[in-house]
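Turn these sequences into a full structure, and let the hints guide you.
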Amino acid sequence: MSSSPNLRGALQELVARRDLLYMIAWREIKIRYKQSVMGFMWAILLPSVVVAAGVIVRYGMSTLSGKSISGQEIAGITVKGLVWAFFAGALRFSSTSLIGNPNLVTKIYMPREIFPLATILSQLLDLGVASCLVTVVFAVTRLGGSWQLFWVPILLAITVVLATGWALLISAACLFFRDVKYLVEVVITFAIFVTPVFYDVEMFKKWSNFLLLNPLAPLIEGLEKCIVYETSPSLPWVLYSGAIALASLLAGFYFFKKWEPAFAESI
Amino acid sequence: MAADIVLKVQNVSKRFSRGEMHDSLRDFVPSLFARLSGRARTGSVTSKDFWALQDVSFELNRGEAFGIIGANGAGKSTILKLITGIMKPTTGRVELNGRLSALIEVGAGFHPDLTGRENIYLNGTILGMRRAEIDRKFDAIVEFSGLADFIDTPVKRYSTGMYARLGFSVAAHVDPDILIVDEVLSVGDIVFQNRCLEKMNRIIRSGATVIFVSHNLRAIAELCPRSILLEHGKVTATGPSQEVLRAYLESSGQEGRHARSKDLIISGVKVRGSHSEGVTFNSGEKVWVDVEIECTGGSEPCSVVLFVNDDRQYEVFHTSTEYLGYPPISLKPGERFACTFEMDLNLAGGTFYFGILLYRFNIEKIVDRFFPAATIFVNSLPEVRGVVNPHPSITAFGPVAEIEPTKEAIKQ
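As given, the protein sequences belong to chains A and B, one line each in that order.
Under the numbering used here, the first residue of the first sequence is numbered 1, with each subsequent residue one higher.
Under the numbering used here, the first residue of the second sequence is numbered 268, with each subsequent residue one higher.
Don't read these hints as lab results, they were simulated from the structure.
Just so we're clear, the structure is a prediction, and the values are computed from it rather than from any experiment.
One should not assume that every hint holds.
[As the list claims (entries may be wrong)] Sample of chain A residues at the chain B side, in silico, Cβ under 10 Å:
1) D19
2) T106
3) M110
4) T135
5) F263
[Said to hold, decoys possible] Dumping the calculated EDC-like pairs for lysine to aspartate or glutamate here, alpha-carbon to alpha-carbon at most 16 Å:
6) A:K225 with A:E185
7) A:K181 with B:D290
8) A:K34 with B:D419
9) B:K404 with B:D442
10) A:K181 with B:D419
[To be verified] Interface residues of chain B toward chain A, partial, derived using beta-carbon atoms under 8 Å:
11) S280
12) F283
13) D290
14) T351
15) K355
16) G376
17) R397
18) N646
19) L648
Even for Gly, the Cβ is constructed at its ideal location relative to N, Cα and C.
Next comes the structure, spelled out in structure tokens:
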């Protein structure tokens, strides 16, 4: 446990076993869609619930302040809701990604980071399906579509990197301590209040910078800005999130590989 | 590492802690505080440590078939997990040179809701194949499994046997440089087991390196020229499989002694051949079984029964002094008696267990029982597989005269 892991070798091994990553992700997706009558409805169920909740909250706020809710605001909540659903789903499912496969962890050797990574991939597919739907709606209502859209892949990539880093840590922590799963559940449930999903950080005036310290906040805000409001996100804050995301990924991978030798005897 | 050495296990030890294990934060955090404040008794954790392996070393050459023998809990599975990388050794090194595939559990990673076809791809990639490679071998895998008709059925509807067949088919097609096989042959029916053995024989002949761990001593002797014996985590014998098996049988034979509580007891049993006294014999050779009886109390007239079981504990045959025309033995207290059975060891290669009974045929009463009184190992022969060796030979071999055509065939 004390020796530091060989990250370069681990990365090479992961690349060599990319087909396995693909198959494990494919299995996760296939099982989810096979077992439910709703099929692809699964992909948009959670995001729809988040978006619907956001719209209700926003409607309540607008009636209090006397202003009516605009189409742009609803579009903004939709974008944020989708990203939040991806992020929350990735963390939630990563907590069971290792402990849900005890046979594979104890009986066969493979790079175990494949399990949390497969969770991220399968959640990305859900995000993709939901995004296609939203894109169609936006195209019909002629919303967005400026050159600012070039920010979207960058911001999404940072979001995925951030989610991956945390997913690696969470999956390993859940293997050693079974109650981390519940802790993650609680944190996700309440994190939506400190993340600008239902609201915008500008509403908090001078406290807004404080809210942006949450590394997910600048990403969600940025995506809303560049898609719905056709303005570019704040560069320093995006860099801040990018740095945190990169650090999370490195730390996640490092600690995952460091703890990995003890997985088989601890699960 | 030299080019022809594919595996090098160097002074490997593995420790498991049996002490405090925290699998939840709720337990871990309080104990952390307790430890920080110095209230915990130090040393209690380390004293519960358990060494599953101690200072194990061996090397494996390319193309070699290698057996690991040992009783349950001797550390066989642990050493395999260290070789495959599932676990890391506490001290020592494992060096590996080549692609490794492990048949530690057939069908691990199968998902019940997926079809046979989907599981072949899933299990294949888990075992280290690329998808393109599975595309190429898919037909061969399905054919070997004999499950072509069920390949698009979810495996949850498969029987246990079908499940194992599909799992073994995938694993057998991985084409590894090193194949590790652990006890797979103990599952499934005899037909499937023989099929697996045959396939493994073919894999060995094709030049792969095989590590074989099994309770099936006959299979180890047939497949592996060289073995090690693990006892309580230590290597106690290493070398040609015959010698290692002898060491194993000798050490495990110590445990089968009978209780010395009766008046008439079997005091000694020895199996010897014309030039050897021990546990390894050649098929067909003459052997003698010396039986000694001791009378310590009141005696009753009884006969000596000799029976031999195979490694699945099926009786191969039994005989007795009564069957062979000798009268029951009557002894007075303090007297001793000896008899010797002579026979041709017409057994096929494998492990056999000799047992002795003192039996009263007239009232069907067992006076004393000693089993296993001796365990022997019969060297395998290329011409016979199974339990007995009736010394088969071929007396005709060649084309025969054509069969006369029937009347119907002539009419047409």
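So, going through the hints one by one against the coordinates:
Hint status for A:D19 relative to chain B: holds, with the closest Cβ pair at about 5 Å, below 10 Å. Of the supplied interface hints, the one on A:T106 holds, with its beta-carbon coming within about 7 Å of a beta-carbon of chain B, less than 10 Å. At its closest, the beta carbon of A:M110 sits 7 Å from a beta carbon of chain B; the interface hint therefore holds under the 10 Å criterion. Annotation: interface hint on A:T135 violated; nearest CB of chain B at approximately 31 Å, more than 10 Å.
A distance limit of 10 Å between C-beta atoms decides the matter here; for A:F263 the minimum to chain B is near 8 Å, and the interface restraint holds. For the given pair, A:K225 sits about 29 Å from A:E185 by alpha-carbon distance, which is inconsistent with the 16 Å threshold. Restraint check for A:K181 and B:D290: the C-alpha separation of about 12 Å stays at or below 16 Å, so the hint holds. For a cut-off of 16 Å, the pair hint linking A:K34 to B:D419 stands: about 14 Å separates their Cα positions.
The straight-line distance between the Cα atoms of B:K404 and B:D442 is roughly 11 Å, inside the 16 Å bound, and the hint therefore holds. As the CA atoms of A:K181 and B:D419 are separated by approximately 36 Å, the hinted pair breaks the 16 Å bound. Interface hint status for B:S280: violated, as the beta-carbon distance to the closest one in chain A is roughly 14 Å, over 8 Å. Taking 8 Å as the C-beta contact cut-off toward chain A, the hint placing B:F283 at the interface holds, the least distance being around 6 Å.
For B:D290, the interface hint holds, the least distance from its beta-carbon to any beta-carbon of chain A being 5 Å, beneath 8 Å. A distance limit of 8 Å between C-beta atoms decides the matter here; for B:T351 the minimum to chain A is near 4 Å, and the interface restraint holds. Residue-level restraint check for B:K355 holds (minimum Cβ-Cβ distance to chain A is 4 Å; threshold 8 Å). Interface hint at B:G376: satisfied, since its Cβ lies 5 Å from the closest Cβ of chain A, which is below the 8 Å cut-off.
Restraint check, B:R397 versus chain A: the minimum CB separation of about 5 Å is within 8 Å; hint holds. Checking B:N646 against chain A: minimum C-beta separation of about 35 Å lies over 8 Å; hint violated. Annotation: B:L648 was flagged as interfacial toward chain A, and the flag is violated, the nearest CB pair being 36 Å apart, outside 8 Å.
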